[in-house]
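J.: Let the sequences and hints guide you as you build the complete structure.
Line by line, the protein sequences are chains C, S and B.
Terminal number for the first sequence in my numbering: 202, no gaps in between.
Terminal number for the second sequence in my numbering: 1202, no gaps in between.
Terminal number for the third sequence in my numbering: 2202, no gaps in between.
Hints in this document: simulated from the structure, not taken from any laboratory.
Among these hints, one or two may not hold up.
Stated by the list, open to error - Calculated pairs, DSSO-like style, for lysine-lysine (alpha carbon to alpha carbon, straight line, at most 27 Å):
1) K197/C x K2077/B
2) K1077/S x K2077/B
3) K145/C x K197/C
4) K2145/B x K1145/S
5) K77/C x K1192/S
Computed from a prediction, not measured in an experiment: that's the story for all the values here.
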Amino acid sequence: MLLLIIDILGTFAFAISGAEKAVRYRLDWLGLIVLATVTGVGGGVLRDVMLGSTPPVALTNPIYIPICIFGAFIYLKLRLRFRAIRNLILVVDALGLGFFTAVGAAKANALAAGPYSIILFAAITAAGGGMFRDMLVSEIPQVLKSDFYATAALIGGTLFLALDYFDLGDTSKILITTAFTFVLRLYAMRNKLELPKTGKRI
Amino acid sequence: MLLLIIDILGTFAFAISGAEKAVRYRLDWLGLIVLATVTGVGGGVLRDVMLGSTPPVALTNPIYIPICIFGAFIYLKLRLRFRAIRNLILVVDALGLGFFTAVGAAKANALAAGPYSIILFAAITAAGGGMFRDMLVSEIPQVLKSDFYATAALIGGTLFLALDYFDLGDTSKILITTAFTFVLRLYAMRNKLELPKTGKRI
Amino acid sequence: MLLLIIDILGTFAFAISGAEKAVRYRLDWLGLIVLATVTGVGGGVLRDVMLGSTPPVALTNPIYIPICIFGAFIYLKLRLRFRAIRNLILVVDALGLGFFTAVGAAKANALAAGPYSIILFAAITAAGGGMFRDMLVSEIPQVLKSDFYATAALIGGTLFLALDYFDLGDTSKILITTAFTFVLRLYAMRNKLELPKTGKRI
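T.: This is the structure in structure tokens:
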């Protein structure tokens, strides 16, 4: 139940970030819905398609897409107020990041995809939606330029893998990974952690 | 037989719109073929991959890709004449839209993908190819900016779903959905229907 | 054993071309790793996902991604020296092109994907990674603009198909196709072969 609430909140926050971009580019309503939905469920869909777990759960479970559409129009109508609660949205987004990291790792683990893949699918689930969002509006994905977002997911995925050495159920592993990645992302935002850039002049 | 002819005509019209864009960007022959093919079969391929129906029928059935290549070079050689029949091409494109909407819905239905997915895969099949086309040349997909194209497919997919309440065979449902979506798209073009934009200044 | 060495060298050369682009766009370390990895394994992943052979072997076999990451950082640290051996890298890249063409054709063949698909998957495996690389930085893929790269892969894939008429094992067919495509690509580079452009003014 707690997991479901986190899942919904995370999807909602991701959808908001898609809706933001749609409005910035003055897309129409369909573009708004597509960007919100792609950002909200794109990472999970990419994970499921790559793992061969088709059709993707985000499309068959009838809860996710309505959340994304709801998030899109809520944002469209109330976007001035959203600016006021921008920090709250970022916190919920970080919670979503943590949860999707954990769920991606758990699903790759359940499908026996091997240790590398577990870490990778954690990051794909968490950051794939945002990457699609940016590519759809012809931007270089933010996550490739200056980031401690997918990096937090990669570290969270590694933690999930390490938890295998303890005798824990899947739910415990998901909760611990979610909490850890969430806190790591908040810490990174607060301290403006960034990976080094590559393109320094020599 | 009628369905096959519509399928071929639709693929051909989609390929033409890919070839148009390739010429506008002065791509080479390979780019021309790739853009025509991706536009012609991309939506169906994306649908099949997401539904787990692999390898995609557009790649295994040896008719589709030759149609796309044929369309690409016909356009390249005769493009001045194509301008004269531009309206005819748009009508055939709308026919393709209607047909791909119906086929996408029928396939998702056959694979028991759930009501949401049926509507979604109708739109993915119909509009996916054009979206790939635009992304390949680094444009924001037209369908996200001002559209009554994917929207017609979404409405057509909903109709297909509603037809489930009647005792109809798949072929009847496909024909009705194709005809309805086709007419809806023509009506939208004629009356320049568009969805509202999101980015009005507040 | 020879095949494995060629595979590793090819992946390494592809990863270098991804790393080059990451540095040119001044991405951060994650962007560097992602671009190197996507270029190195993206074609094979796309092939496997489209063929339904999931999870993709590039993600489950723990050798490929470390090679890409290694290539990325080697390039970052030594890129001035890489310029000096630029021609060597291009030769290794051509070797990778040849090998991935052969492997893509062989895998599509093994999964009974039909003659068209064999040629197509040869090209997807060989050129898909570079196409993703360019799309991630919002460029029109080089391969669509002026190319004898995917074209070499298409011709190599056709050769692989033709070899079916001889009584050869898979390894022989892979070696012959690799060698042929490799030489074809070198020849094309040396003689600056290009496909005709489409967009001549009329």
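J.: Could you grab the alpha-carbon distance between K2145/B and K1145/S and see if it respects the 27 Å cut-off?
T.: Distance of about 26 Å is within 27 Å: holds.
J.: Taken at face value, is the distance from the CA of K2077/B to the CA of K197/C at most 27 Å?
T.: 13 Å, holds
J.: For the pair supplied as a hint, K77/C and K1192/S, is the alpha-carbon distance within the 27 Å limit?
T.: 25 Å, holds
J.: For K145/C and K197/C, compute the direct alpha-carbon distance and say whether it is at most 27 Å.
T.: Holds - the C-alpha atoms of K197/C and K145/C are around 8 Å apart, at most 27 Å.
J.: Taken at face value, is the distance from the CA of K2077/B to the CA of K1077/S at most 27 Å?
T.: 49 Å, violated
The structure fails to meet hint 2 from the earlier list, while all remaining hints are met.
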